[in-house]
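Line by line, the protein sequences give chains A, B, C and D.
All residue numbers for the first sequence refer to full-length UniProt numbering, where the first residue is 1 and numbers rise by one.
All residue numbers for the second sequence refer to full-length UniProt numbering, where the first residue is 1 and numbers rise by one.
All residue numbers for the third sequence refer to full-length UniProt numbering, where the first residue is 1 and numbers rise by one.
All residue numbers for the fourth sequence refer to full-length UniProt numbering, where the first residue is 1 and numbers rise by one.
Wrong hints could be hidden among the right ones.
Stretch by stretch, here's where chain C covers chain D in the computed footprint (C-beta under 8 Å, at least three residues) [claimed, not checked]:
| hint | stretch |
| --- | --- |
| 1 | 266-279 |
| 2 | 299-311 |
Here chain C is said to cover these stretches of chain B; the calculated rule only asks that three of the stretch's residues, wherever they fall, bring their Cβ under 8 Å from a Cβ of chain C [to be verified]:
| hint | stretch |
| --- | --- |
| 3 | 168-177 |
| 4 | 183-191 |
| 5 | 276-282 |
| 6 | 289-296 |
To be clear, the hints were calculated from the coordinates, so they are not data collected in a lab.
Here a beta-carbon is modelled for each residue, glycine too, at the ideal position from N, C-alpha and C.
Chain by chain, the residues:
Protein chains: 4
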Amino acid sequence: MTVRAAVAGASGYAGGELLRLLVAHPEVEIGALTANSNAGQRLGSVQPHLLPLAERVLAPTTAEVLGGHEVVFLALPHGQSAAVAEQLGPEVLVVDMGADFRLREAADWERFYGSAHAGSWPYGLPELPGARAALAGTKRIAVPGCYPTAVSLALFPAYAEGLAEPEAVIVAASGTSGAGKAAKPHLLGSEVMGSMSPYGVGGVHRHTPEMIQNLSAVAGRRVTVSFTPTLAPMPRGILATCSAKAAPGVTAEVLRAAYEKAFAEEPFVHLLPEGQWPATASVYGSNAVQIQVAHDTEAGRVLAVGAIDNLAKGTAGGALQSMNLALGLPEELGLPLTGLAP
Amino acid sequence: MTVRAAVAGASGYAGGELLRLLVAHPEVEIGALTANSNAGQRLGSVQPHLLPLAERVLAPTTAEVLGGHEVVFLALPHGQSAAVAEQLGPEVLVVDMGADFRLREAADWERFYGSAHAGSWPYGLPELPGARAALAGTKRIAVPGCYPTAVSLALFPAYAEGLAEPEAVIVAASGTSGAGKAAKPHLLGSEVMGSMSPYGVGGVHRHTPEMIQNLSAVAGRRVTVSFTPTLAPMPRGILATCSAKAAPGVTAEVLRAAYEKAFAEEPFVHLLPEGQWPATASVYGSNAVQIQVAHDTEAGRVLAVGAIDNLAKGTAGGALQSMNLALGLPEELGLPLTGLAP
Amino acid sequence: MTVRAAVAGASGYAGGELLRLLVAHPEVEIGALTANSNAGQRLGSVQPHLLPLAERVLAPTTAEVLGGHEVVFLALPHGQSAAVAEQLGPEVLVVDMGADFRLREAADWERFYGSAHAGSWPYGLPELPGARAALAGTKRIAVPGCYPTAVSLALFPAYAEGLAEPEAVIVAASGTSGAGKAAKPHLLGSEVMGSMSPYGVGGVHRHTPEMIQNLSAVAGRRVTVSFTPTLAPMPRGILATCSAKAAPGVTAEVLRAAYEKAFAEEPFVHLLPEGQWPATASVYGSNAVQIQVAHDTEAGRVLAVGAIDNLAKGTAGGALQSMNLALGLPEELGLPLTGLAP
Amino acid sequence: MTVRAAVAGASGYAGGELLRLLVAHPEVEIGALTANSNAGQRLGSVQPHLLPLAERVLAPTTAEVLGGHEVVFLALPHGQSAAVAEQLGPEVLVVDMGADFRLREAADWERFYGSAHAGSWPYGLPELPGARAALAGTKRIAVPGCYPTAVSLALFPAYAEGLAEPEAVIVAASGTSGAGKAAKPHLLGSEVMGSMSPYGVGGVHRHTPEMIQNLSAVAGRRVTVSFTPTLAPMPRGILATCSAKAAPGVTAEVLRAAYEKAFAEEPFVHLLPEGQWPATASVYGSNAVQIQVAHDTEAGRVLAVGAIDNLAKGTAGGALQSMNLALGLPEELGLPLTGLAP
């Protein structure tokens, strides 16, 4: 079964990474590529690393261009996906790599995005309990945010088994591609090389309600999240350091067992051997996730760390993994398990 | 008043940074420079950035070489300072940039370092309550660890005013120079560029008891610390993201006022204007500290972030600041307040 | 046709990159993996990015272990390949990723390596005139050095058409992985981040005679090479900036035509559109080569720039490309054409 | 003697570096600071590393604001300095850190900048033959470009003694700050980290005529320059690799002697011991220059390498050095000789 896929937003980082992966996907034929300000240009001039697609020309992002494909990926700024999606028929698989359809509560959306809520779609994080069932055969997928992907995978086993108190503290470092390709002074190479800095501090980052949504669903009660994102001097990668008070009676063995159980069958999640810790370099360009967990007995906390590539598993790889499930293809098809290191 | 200062361990990163600062200090004359395996070499061959000292030759680290100076800085691996220090007379100001004399409790030392405790000296973090009095006129100084410097400065105002619960959660990113100049495979440029990874997870890092010691002293009760250090792809800098549950009744205003009060007279601590967050690049090569604090009302936590240069304020700059106090010199003398950016 | 391949030196950077590519090669089954000091360890502990091979255990590098495979890759320090190779039968395809069999002249080898010359094997740079014929069906392949790969591809079209004088001047920047995984102080992340520096200056770098050999063969006369390698603050990539005096009568059009002709049928060489210049990021992890050429009329020089990934096209990818030719497989099989960017 | 100095363009990288150095200069009092789009802002919000000046407010760049200072530094885009300078009286020392007054030939200016030539001022590279005499007491200084600073210092001793043929080939790597603080997509951290790429290839870079001017003056005949600048993944630093055919009869000894003679009395130029090569990290933040030279006997070329900090010696430090000469102050006053490493 070969499907034709269009990519809206092919000139940005998420769109470029999706194309890199689609080139290697055996069951996808790459159809229309669209952009906004870059429409009319050769793809080779804006994504020079995509040699096999260099001569493709970017079309404008319209329903006419995107129609006629079995799959349409939307890599658009938030707020733009809904308008495009409603022009695509219900028989088209629409995979939204933006934020529009991630949050289930309209109030959360309105508070963090300040506009009307477009709705919610099946959530593309297959490793979460119940997620695969919702993705099988679906025609609409909301791809998770990059931080929520790393954080939810690192913490959900502890919450699923009631091993952590419902107050999570998360500090995550992200490579600069997470901030996109729009030229802003604080994202210049001169500014970011050699520097670590936080942003969106104090619970205001838009990925916070998504983490709360995921962890609360698994825990069966409201989990609060103290989330501090930091910008790291690297192009890609998220390292999420997550902790919560250990529930009474938790031991290192119980904790380890919960994580082993959660990930035993997962093709992309690598629970590392004890004593080895995740590194973003190990999952560079890969759809794999590295996870490790520890019990800090002095501080009485569960500490879990997850590493992903924000553009791969955190965006485009995760999108393809969910597409595979929606189309009934093998979940791993066309997705790299190896990182590019050093 | 000009003093002659010797530096033991002049070929390492801490020793090199100290020399960079000493060259610019108006009241210090640089005396003997010693090393272990590099003894006999020109300084220019191992520290090529120190042009004015390029022709100096490294001597072996012996009491004979170090004697006869009014100040001796020890930039040695832990466990070596005590043996050297006891051969230096009580009239010599000995500034230990290693760990040997930082911890007050022998049990803490033994547990984290596995050897006999050498004792404790006045603690060289002048900004802590009561620290300046202990440093004035002293002949022995224990320079704090780099992580404890950043963390203690970021959190102590909250504990001093009883605004935070005694369970601190800290995630800190450090540049690679914090790991020293010994060649280890995981510190190769090929390994660290593009990668973030944690280490010493779960309360086992040796700087943990030092943080507990500092914060507990200020809080007047035992503070537990969940500390996760991470290695960041940059040569220098520490970004410490610290949080604790807010005490009942805390507001953003109260919090801000406590920090303003704590740092109002501090020459090196820059409490940033509200909304501006610390960045390690801003304090590159500087003895300054950038601090910001916020109240996350949803998560109910105090969040404080500190940025320092691990080699400057975190080691060699902090050492000089304390030396100035011990010698009765102006505290800021010879210490840079500007960072090197971009 | 599936072949079984062994990799000697699987714990280093070249070996690791080869394994990353072999995992994705549809006609290769990965057999024995060997190492020297790391023998006995899980591959996952030394190459944590190779998730699908994490549980493989490294064997010692012996003829017994390597025997019984149809292909044996040698990623060993120079001087070790010959001893291993002579124990492998003539029916085994031996691909040497080291230097031992690259140079045709014993005098060159002796001068630059100071030991006895082991001989020369068919040279694995298929894009050079005549190279494919020598590789078809061969059982022995000498994989080129990373710098000679970039330089030879950037310059040979000019020499093949007699458009440049036989005195080439080359300055190339390499990522740190080119120096290998052995821990040396000058390769520490603290040393290389933020720094550019030359090494092996003045014609002493061991890749110099290999460049001379390649360019002279194409030019039909002795070409001298002034080669200056520099270490750049990035893990991978070579940017080779090459120039030579233009031959009389050369024009930009003639030059462009020569390059278009040379690369018209090449699957991996991307002669960029005029005005676009190579960037190492565009070929990160890819077997592709980016080339651009210009005629500096003021200085009277041909200027050609090539960008490759030193570990991919420059080592492991080039090795696989030649293996494909030797085995009669499609030359592009299993080799990535897309780079990993940003 | 204390002078009051104004800085026009204080929000950019050159202006910021100048302020960092001026803070430490004992004979300069910092007066008005001006900007264009950032006028009205606190300096601390745009240059957060300049703690002692954080509360200064940026004024608009007008003659009224700049007047009344003994020294005015212009760190403005090219083409703007002339208009400002002519409004400042002849008694004011005007130091132009831009390009407007560097070139002596109007034809060169018109060809490379496409506008009318504003004239030429005494050239602020004191190490060049005759330069100090022209700078002593002058009221107008043209600060050299960053690349011409590195290249001219690396090559002039060879040309001064007739040891090199008049066809120089130069490949230089620059940190990203050389491209300024304006946000452009190709300068994003995501784009530059991990990448080396050339730009302005084939003799079109605007610094080319300035190099030709300097080297030709020293050589006493027209020197052609093949110049290829490359963008390196680091915030600061220039490494210039320069070569030319050796003149007949040149030996390594003769070459070394020429360089030793040229730099024997230079406070900022460090001709490294034989066998040690420049590294940009060694001059990070310093006004020092590292130089090394070799004779490649096989290729018959003189090879000289220079490393500077593009913002320090290459712009702001060079400006201050020349200011010191113009004002009759000691040339080294207030200028750092040590680099910030690692």
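Examine the stretch 276-282 of chain B: at least three residues should have C-beta closer than 8 Å to a C-beta of chain C.
violated (count 0)
Count the residues of the stretch 168-177 of chain B whose CB lies closer than 8 Å to any CB of chain C, then report whether that count reaches three.
holds (count 3)
Residues of the stretch 299-311 of chain D with Cβ under 8 Å from chain C, three needed, outcome:
Held - the stretch 299-311 of chain D has 6 residues with a Cβ nearer than 8 Å to chain C, which meets the minimum of three.
Are at least 3 residues of the stretch 183-191 of chain B within less than 8 Å of chain C when you compare beta carbons?
holds (count 8)
Examine the stretch 289-296 of chain B for residues whose CB is less than 8 Å from any CB of chain C, and state whether their number is three or more.
violated (count 0)
Given that the stretch 266-279 of chain D was listed as covered by chain C, double-check it with a C-beta distance under 8 Å for 3 or more residues.
It holds, with 3 qualifying residues against the three required.
Against the hints set out earlier in the document, violations occur for numbers 5, 6.
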